[in-house]
Structures are given as C-alpha cells and as structure tokens.
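There are 2 protein chains.
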Amino acid sequence: MKLDQVLIYGMGLMGGSLALAIQEKYPNAEISAIVRSEKSKKSILDKHLAHHVYTVVESTSIQWNEYDLVVFSTPVATLLEIIPSLPISGETIFIDLGSTKQTIVDAVDKHFNGNQHNYISTHPMCGSEQTGPESAVPGLYRDKLCILTKPKMARETVMESVKGFWESIGSWTIPMDAKSHDETLAYVSHLPHVVSTILVNVAGNNKTTMEQVTSIAKPITGGGFRDMSRIAGSNAEMWTSIFKENRYFLQNSIDDFIKQLTEFRNLFLEEDGLEPSKIHSIWDLALKQKETIQKTK
Amino acid sequence: MKLDQVLIYGMGLMGGSLALAIQEKYPNAEISAIVRSEKSKKSILDKHLAHHVYTVVESTSIQWNEYDLVVFSTPVATLLEIIPSLPISGETIFIDLGSTKQTIVDAVDKHFNGNQHNYISTHPMCGSEQTGPESAVPGLYRDKLCILTKPKMARETVMESVKGFWESIGSWTIPMDAKSHDETLAYVSHLPHVVSTILVNVAGNNKTTMEQVTSIAKPITGGGFRDMSRIAGSNAEMWTSIFKENRYFLQNSIDDFIKQLTEFRNLFLEEDGLEPSKIHSIWDLALKQKETIQKTK
Numbered sequence: 001m002k003l004d005q006v007l008i009y010g011m012g013l014m015g016g017s018l019a020l021a022i023q024e025k026y027p028n029a030e031i032s033a034i035v036r037s038e039k040s041k042k043s044i045l046d047k048h049l050a051h052h053v054y055t056v057v058e059s060t061s062i063q064w065n066e067y068d069l070v071v072f073s074t075p076v077a078t079l080l081e082i083i084p085s086l087p088i089s090g091e092t093i094f095i096d097l098g099s100t101k102q103t104i105v106d107a108v109d110k111h112f113n114g115n116q117h118n119y120i121s122t123h124p125m126c127g128s129e130q131t132g133p134e135s136a137v138p139g140l141y142r143d144k145l146c147i148l149t150k151p152k153m154a155r156e157t158v159m160e161s162v163k164g165f166w167e168s169i170g171s172w173t174i175p176m177d178a179k180s181h182d183e184t185l186a187y188v189s190h191l192p193h194v195v196s197t198i199l200v201n202v203a204g205n206n207k208t209t210m211e212q213v214t215s216i217a218k219p220i221t222g223g224g225f226r227d228m229s230r231i232a233g234s235n236a237e238m239w240t241s242i243f244k245e246n247r248y249f250l251q252n253s254i255d256d257f258i259k260q261l262t263e264f265r266n267l268f269l270e271e272d273g274l275e276p277s278k279i280h281s282i283w284d285l286a287l288k289q290k291e292t293i294q295k296t297k
Numbered sequence: 298m299k300l301d302q303v304l305i306y307g308m309g310l311m312g313g314s315l316a317l318a319i320q321e322k323y324p325n326a327e328i329s330a331i332v333r334s335e336k337s338k339k340s341i342l343d344k345h346l347a348h349h350v351y352t353v354v355e356s357t358s359i360q361w362n363e364y365d366l367v368v369f370s371t372p373v374a375t376l377l378e379i380i381p382s383l384p385i386s387g388e389t390i391f392i393d394l395g396s397t398k399q400t401i402v403d404a405v406d407k408h409f410n411g412n413q414h415n416y417i418s419t420h421p422m423c424g425s426e427q428t429g430p431e432s433a434v435p436g437l438y439r440d441k442l443c444i445l446t447k448p449k450m451a452r453e454t455v456m457e458s459v460k461g462f463w464e465s466i467g468s469w470t471i472p473m474d475a476k477s478h479d480e481t482l483a484y485v486s487h488l489p490h491v492v493s494t495i496l497v498n499v500a501g502n503n504k505t506t507m508e509q510v511t512s513i514a515k516p517i518t519g520g521g522f523r524d525m526s527r528i529a530g531s532n533a534e535m536w537t538s539i540f541k542e543n544r545y546f547l548q549n550s551i552d553d554f555i556k557q558l559t560e561f562r563n564l565f566l567e568e569d570g571l572e573p574s575k576i577h578s579i580w581d582l583a584l585k586q587k588e589t590i591q592k593t594k
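Taken in sequence, the protein lines are chains A and B.
Numbering follows the working numbering, in which position 97 of the first sequence is assigned residue number 97; successive positions increment by one, without gaps.
One gets the working numbering by counting positions in the second sequence from 1 and adding 297 to each.
If you're looking for bench data, these hints aren't it; they were derived computationally from the structure.
Being a predicted model, the structure only gives us computed values, none of them experimental.
Beta carbons are placed, not taken as given, at the ideal position from N, Cα and C, and that holds for glycine.
Each hint should be verified, as a subset may be incorrect.
One side of the interface only, derived from the structure: several residues of chain B facing chain A at Cβ under 8 Å [to be verified]:
| no. | residue |
| --- | --- |
| 1 | T352 |
| 2 | V354 |
| 3 | I359 |
| 4 | Q360 |
| 5 | W361 |
| 6 | P381 |
| 7 | L496 |
| 8 | I513 |
| 9 | R523 |
| 10 | S526 |
| 11 | D553 |
If we strip away everything but chain A, and leave its shape as in the complex, we get (with noise of 0.2 Å):
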C-alpha cells in the first residue's frame, strides 16, 4: 500500500497510538489529523504525532483524494455523517476504526450504491480506559487482533491491502461479516463495559461499603474487584454511541445475562439450590468456556 500522504480523522488514543505506529515502519508517510478542540491540536503538536493538525472548524472542505490512506477513528455516528460526503471514485483508500460494523456498511452500501469503491470497516480490538492524543503509545495495535468487514462492493485488491496494512504494523487480522461482528462484539465487549460499570455503581449504592471504604485510607477491594472494574464508566461518549449502533444485540445480550443472573439467584431461594454440584456445574462450565474463547487450552 502506497503511504505517501495519510489523514487520520479524529485523534484520540485509538488514532495517536497508530499514527506512531505508521511513522515507525512507514517514516516516509506525512501525517495529517483531524481533530475537534483546540486542546487535542495542542496535545497532538506536542507528541509530534502528526505533521498537519487541522481542527474540525478548519476542515471545511477535505480533499479526500489528495491522500492515499484516509482512517477515522471517530464515534460511529460521526462517522455517520461523514460517509455520504466521501467521494465515489478515486485512489483513496478509506478505513475506519468503528467498534460496530453493521451501520457502518449499511451507510457505505447506500452511499457507494452499487459502485466498486475503497471502504474497508475494520475494527483493532485494543481499547484501553486510558483516551486522548497524549495517552498514545506505538505498539498499542501490536500483536492484536484487527477484524476485517468487507462491503459487498469494496474492490477486493483494497481488502489485501489493507489486511497488509495492520499486518505491517504488527495486528492479526480476520475477515468478518457485519452482522457476525456486532453480535459477537456485543457478547466479548459491549456486556462486559456495561457489567463492569453496574457492578462499580451496585457498590457503590450500598451503603455499608461506603461506609467502610470511606473509614480507610488504602483501598479494601483486592485483584478481583480491580479487575472488574477496570473497564466502568471509561469513556462514555464512545460507549453511548456504540450503545445506539448495537441496541439490538446489546439489549439481546443483557437479556440472557440477567435471565443467567436471576436463574442462578434463585438457587438461593431453593432448599438444595447451593449445593456443591449445582455450584460446580455452573462453574465447571465457565472455566471451560473460558478456556474456550481465550484458547487458553
């Protein structure tokens, strides 16, 4: 893929850490980027991450074409907004970094309507609740999985090249249908932000432990809440539009999780609900599948 000119459209964390990732194996690249506030230009000038840093108010009128690689690394529905404008023909290859798929294609689908075009969606699974321009790191996208969803008319020479694109910088790819993404992503990622930010309010709420966390100076919680809270409450503006985007396989998910959390609570209410094998066998199961989907084994 020719890297003489990239535009990285909104530079936060996701969009910082790969414009070091390109300047480290493509020094060649001249890098713009995108950005909403003042304070992002400022932070992004800094840490050298891009050679042209233009704020949204100064990018009225983008020549798309004039790059060879275009990423925006923006919530989904501003993303949104953007494909309808984005040119039908060209050389330019454009990526996005959207934790959902499904909206995505379907706005490229309607915009390229029925045209070959240069749109590959991609998702790198390697978030962090770190964010910002100033918490960009060059290997953040190193040895990490990056899914791949073809639109049905994206030329698939642009497929290949892209796929060597995130290889190069050191991600893992697979090729994944839109619909597949967003309900898999909803199970592995999208539930487990949402648990993790209830289980920190539930705590939250209960007044003993507020009482009693509040009594000492160092924290009472040990790995397993730290672990399980990690994730709470990080960035919100990315998560409300990843919520509006996967609404269906989202409220899906949390359906089955609180039809799962209410079965094994009333085992509480049964006379023999908490014996050894009852317990284990819920258990038992998680381990395996544990092992399963981080193939650990």
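Please arrange chain B on chain A, whose structure you already have, making use of the hints.
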C-alpha cells in the same frame, strides 16, 4: 508473638503462601500442616512449605496446645465443624483466613460460651485464580489488606498480637465487625465473582460468538473480556462455601445488580433512553465511585 510451633490446617495457595512468608520472617518457626490429600502432602514436602505434613486421616487427635499459632486455611464449612473441638483454655492463638465472618464468629462465641479466648478471625484479601500449594509464593500477603474481626470475648492482647503478626509479614490491617465485613465483601468480592462467571457463560451460550471464537486460532477477545473473566469459574468449592455462608448479603447484592442492570436495559426501550446525558450520568457515577472505592483519587 512467639512463633516456635505453627500449625497450618489446610494448605492450598493461601496456607502454603503463609508458610513461606512465616519461614522468611520467622526462620526458627517449625511449621506443621494438615491437608486432605496425599497429593497435597507430596506437593508441600516437595516445595518445602512445611516441616511436617499430615493428612486429615493421620490427624485424628490434634494436640492444639502444642502450637503457638494455629491457622485455619480451609473452607468455612470445614472450619465450622472444627471450632467445637478447640480447647477452651491455653496459650495457643487461633486465626482463620475465612472469606466470611458472621458464621465463624457465631460459632466461636457459642463454643467459648462467655469465656475469654484467643481466637481472632482474619481475612487476608489476596485470592488468586491459582489454587493449590504448588502455586504458593512468599510475597502473597505483602502490601495486601488483612481484615481483623475480633469476637466479643477474644482477648485484646491477642488482637494486638494477631495484628502485629500480619503486619510483620507485610500486610496492612483494619478491624471490622462481622456483619460489616460480610455485607461489604458481598459487594466488592463475592458479587464480582458471580458476575464474572455468569458473563463467561452468557458469552459461551451465544451461538454466533462461539462460531466466531472457534473459527480462528487466536483469541477474539480484548483486554476488557480478559480482565472481566479472569476470576470466572475459579475455585468452585470455596465459592460454594462462601455462597452458603454469605447467602443473605450476596442475595441482596445480586438483587441490587439485577435491578440496576434492568433499569439500564430499559433505557433501550425508551425513545430517548440512549441520549448522551443518560449514559454519561451512569458512566460518570461509575468513574467517580471507582476512584472512591479504589482510592485512586
């Protein structure tokens, strides 16, 4: 505290790590262990965790008063069966590492029946998804919280000695009454373990997720799921015991969780339920409470 003779009753990860910590700090201490299986006995001897190891079968008549310190590192249910056999008088100090406190303190109060005694219930908060004496490490208790629960008739001097003991091996301590302990732990430890386990089973029960997961060689999950599932399915036997012991508070905490999660889920049904302000208020609260609970701010 005099520590010439120590008995650790039950030697898995916790008991084994305590043995190593004692060896490091009190090189003259002679450590005996009682375990259930020949396999554990062999591991403990191979790893030099204790000087003497007996299986439960070999320990029909324990001379409790031969020891300066007896540490119970068994499931609470097992401990509750042992407490009625402890000597009413003598110099021996008894502690346990139990994850719940009310049933233990009740059993201690009942057994000592108004007599002053040397039993302090303690809870070092440093579990791990690892189990077994082969996972024991000397630093497990270093810079970790140990909660001290003093039964009404336990000697104040013994409370001080036990506090000094834990601090000598690097823990920091706080006193907490049994009810506050069990309620707080339901929210910051027991509920998180339940939620982690159910989360894995919900993902594992979704057909699309498992199709995607099994279609590739590498894990599809990012750091969020990994953290959220770390404690899933671990140590079923211990948790079965904890659930029984802490039935009341854990049930309340699960009910609180289902209530808050259902409220969140119902936002999906409202026209403007996913407006940024609603998600932000839940997310911002979690962020703030997480900082309060973990003392990161």
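Hint by hint, here is what the structure shows:
Annotation: interface hint on T352 (chain B) violated; nearest CB of chain A at approximately 21 Å, more than 8 Å. Checking V354 (chain B) against chain A: minimum C-beta separation of about 21 Å lies over 8 Å; hint violated. Using the Cβ-Cβ criterion of 8 Å, the hint placing I359 (chain B) at the interface with chain A is not satisfied: the shortest such distance is roughly 26 Å. A least Cβ separation of about 32 Å between Q360 (chain B) and chain A goes past the 8 Å threshold, and the interface hint is therefore violated.
Checking W361 (chain B) against chain A by beta carbon gives a least distance of about 28 Å; that is not within 8 Å, so the hint is violated. Given the 8 Å rule on beta carbons, the hint for P381 (chain B) is violated: about 22 Å separates it from the nearest Cβ of chain A. For L496 (chain B), the suggested interface contact is upheld, since its CB lies about 6 Å from the closest CB of chain A, less than 8 Å. Proximity of I513 (chain B) to chain A holds as hinted, the smallest CB-CB distance being about 5 Å (cut-off 8 Å).
For R523 (chain B), the shortest C-beta to C-beta distance to chain A is roughly 7 Å, which falls under 8 Å, so the interface hint holds. Annotation: S526 (chain B) was flagged as interfacial toward chain A, and the flag holds, the nearest CB pair being 5 Å apart, inside 8 Å. Interface hint status for D553 (chain B): upheld, as the beta-carbon distance to the closest one in chain A is roughly 5 Å, under 8 Å.
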